[in-house]
Amino acid sequence: MSSNKSVLITGGTVVNASGEVLADVMIDQGVVQEVGPNISAKYAAENKGGPQRIDAASCVITSAFVDLHTHLREPGREESETIETGSRAAVLGGYGAVVAMPNTEPAQDSVAVVEFVRMQGERAGLVDVVPSACITVNRAGLQLSPFHSLAQNGVTLYTDDGNGVQDPVIMRRAMEYAKELNITLMQHCEVSRLTEGAVMHEGCCSSHLGLPGWPSIAEVLMLQRDLELVRETGAKMHFLHLSTARSVELVRQAKNEGLPVTAEVTPHHFSLTDEKLTGFNTVFKVNPPLRTMEDVEALRTGMQDGTIDAIATDHAPHAAHLKDQDLLAAPPGMLGLQSALGVALKYSGCSVQRVIDLMSWAPARIAGLTARQGNAVASGNIANLVVFNPAAQWEQSLEQIVSKSHNTPYLGLPLQGQVQYVVRDGKVIVEAGVIAK
Amino acid sequence: MKHLLSMDDLSLGELQQLLSLADEMSEIQKRSQPKVPALRHKTVASLFFEDSTRTRLSFETAAKRLSADTMTFSAASSSVNKGESLRDTVETLSAMGVDAFVVRHKTAGLPLAMTQWTDAHIVNAGDGAHQHPTQALLDAFTLTRALEMGNSLAGVRIAMVGDIRHSRVARSTVRAFVLLGAQVTLVAPASLLPPSLIYSNATHTSHEWPVSISHHLDEVLGEVDVVYLLRMQHERMNAAFISSVGEYALHFGLTPKRMAKLPHNFKLMHPGPMNHGVEIGVDPALVPGSLITQQVTNGVSIRMAVLLSLLGPAATSEMTKEERNV
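Keeping their order, the protein sequence lines are chains X and U.
Under the working numbering, the first residue of the first sequence carries the number 1, and numbering increases by one thereafter.
Under the working numbering, the first residue of the second sequence carries the number 1, and numbering increases by one thereafter.
Check each hint, because a few of them may be wrong.
Stated by the list, open to error - Result set (DMTMM-like, lysine to aspartate or glutamate): computed pairs, CA atoms no more than 25 Å apart in a straight line: (1) K106/U to E275/X; (2) K276/X to E60/U; (3) K2/U to D324/X; (4) K276/X to E208/U; (5) K106/U to E196/X; (6) K276/X to D9/U.
Hints in this document: simulated from the structure, not taken from any laboratory.
Taking the hints into account, I'd like the entire structure generated from these sequences.
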């Protein structure tokens, strides 16, 4: 996949975990060749046979983002998104890799479906599409997925996302397999008996609106159970889309005790609250639900102090006719790939470097992708990079959205931080904010 | 006023204006020919996605007494043809020329969503556990007139008893009573109160309920002027909200023994339909202060007032009766 054409990124700030430096980046044969101040002088101009030049003035150059939580809807729900359209949204959002959630139809609970998703990702050729697989067959919570077969085929992440694994017996056995195969289970924490019919956070808003509530305790109870199972089995566990203040507290405590757990939050959970539902707009129906300002603040603190490892989008496209139903019938979920960086820089309260850690370095490690993603911008590393302007203020409009669905909650809200270029295997595939082809 | 979606949208002045207009409608209803031409050539469509006989007929009667044309679309949500979305249904009916939709649906907020799909006026006839504004208006009308207090309930002490949590009547009527100056006490086991009233971790302030709370009906009976009973649904047992309807009736039902503790001139209200032997263990016909039949009668007057103020030439109170064709 490497490109023969070399690329020179000039005038930007290279941000690595080790620090940041004003430097040019020379890329050739798909690999970063040199990083250093003013190296551009050594190369001929583009029109004289020199490398393709990218002007990164006032921009950050760093490793492309990695999304641990993307619903690409293919196979089965192609009216809402395909792997190709989802890949386009991802790359415009600055991503180099996305983890494809397994709640497809059929579900990703077999080698055949997982390989199909991987292959469609390669066909689209815009980002690394990394299939995860179910914990239980068809996410029904009854029968374990074929962990050995799936692991042998390179699947490292397993989840029934959309459902929590309710049965403690199933969960305990899954963790035993996870430990022996060195794979990671990702739990959607929700005790379903406590959330029957729920459409929003249980609290003052739901009480006022007469809408069935999804209480915080439904997340907290499953999180607590699983932390004890991790303590017992030693399996690695990742917690998806944490939404409550108490969840952050529990994960902080678990990490202090040395448990092998990681956690993600979504952009919408640290930027929006349940007050958004007062207009009964189905765009704001999401699972877990938007919570209170107190929860939002706890998530931000968790991101800042390292309790939370990753920002993951939970990008969940739904075709207009699905969201154009009443609140009870409309499916939960909202878009996230194209707005994640803009939300993170505007609302997380984190430094640029910390945001990059949350969006690239840490998720790449959690997903086991460090052979290709989430590495330092340094000579010898594969050139999977993003160039973004961290100060650019913008608003999302419908015209910008390349997903097949348009259920974004951010129309008209101020965002900060705009992706300018994405380099994949040394090739510039996003140029000045649009896909180059 | 373009729509009537929620009691939260009404100011005290607008509420009082509707109550006064309902007096006029009430007079019309007493005529030998209870019909006026005010809404001739207007079309009112009832869209009932949830079973309801009383409210639907009440609205249709109101529309007919104002000479509006009516059409009815009645379907339990489950039986609506899945091929046609709700939005399509609304747009189709709109295209036939509908001036106002009266809508009932199991989902909170649906009437508000409909305002995006049609230019017609929307009247909420009950959306999930959210709002039922014409019930609130008829309750306010009934009680103010029974107490002969004009358009006020200042200082009136009201106990609302029952399943507040799942009740759109509670969410609307409490607001109307409080706006008019009443002191409302909600009486129910904690499981049947809105969660924000029982969990202290719910810390918003923008959606306060300006009410008192009691879990013991016997303790409040001596201190109220009005008892408003809510319907207790049997299926609440299944989700562990109550132990049994028998247990509920024993502690929260209005029994002859409890009635004896009330002031002799207390008023009794119920939005209907009643569960005899559950929330109400007395024959309302034998309760002198029962307003339950009056609530039904006034329902038509209030709905006439609502339709007229949305659709008629009656938008301003300065107009004469003649100008309003009433």
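* **List of violated hint numbers, smallest to largest** => Result: hint 2 breaks, nothing else.
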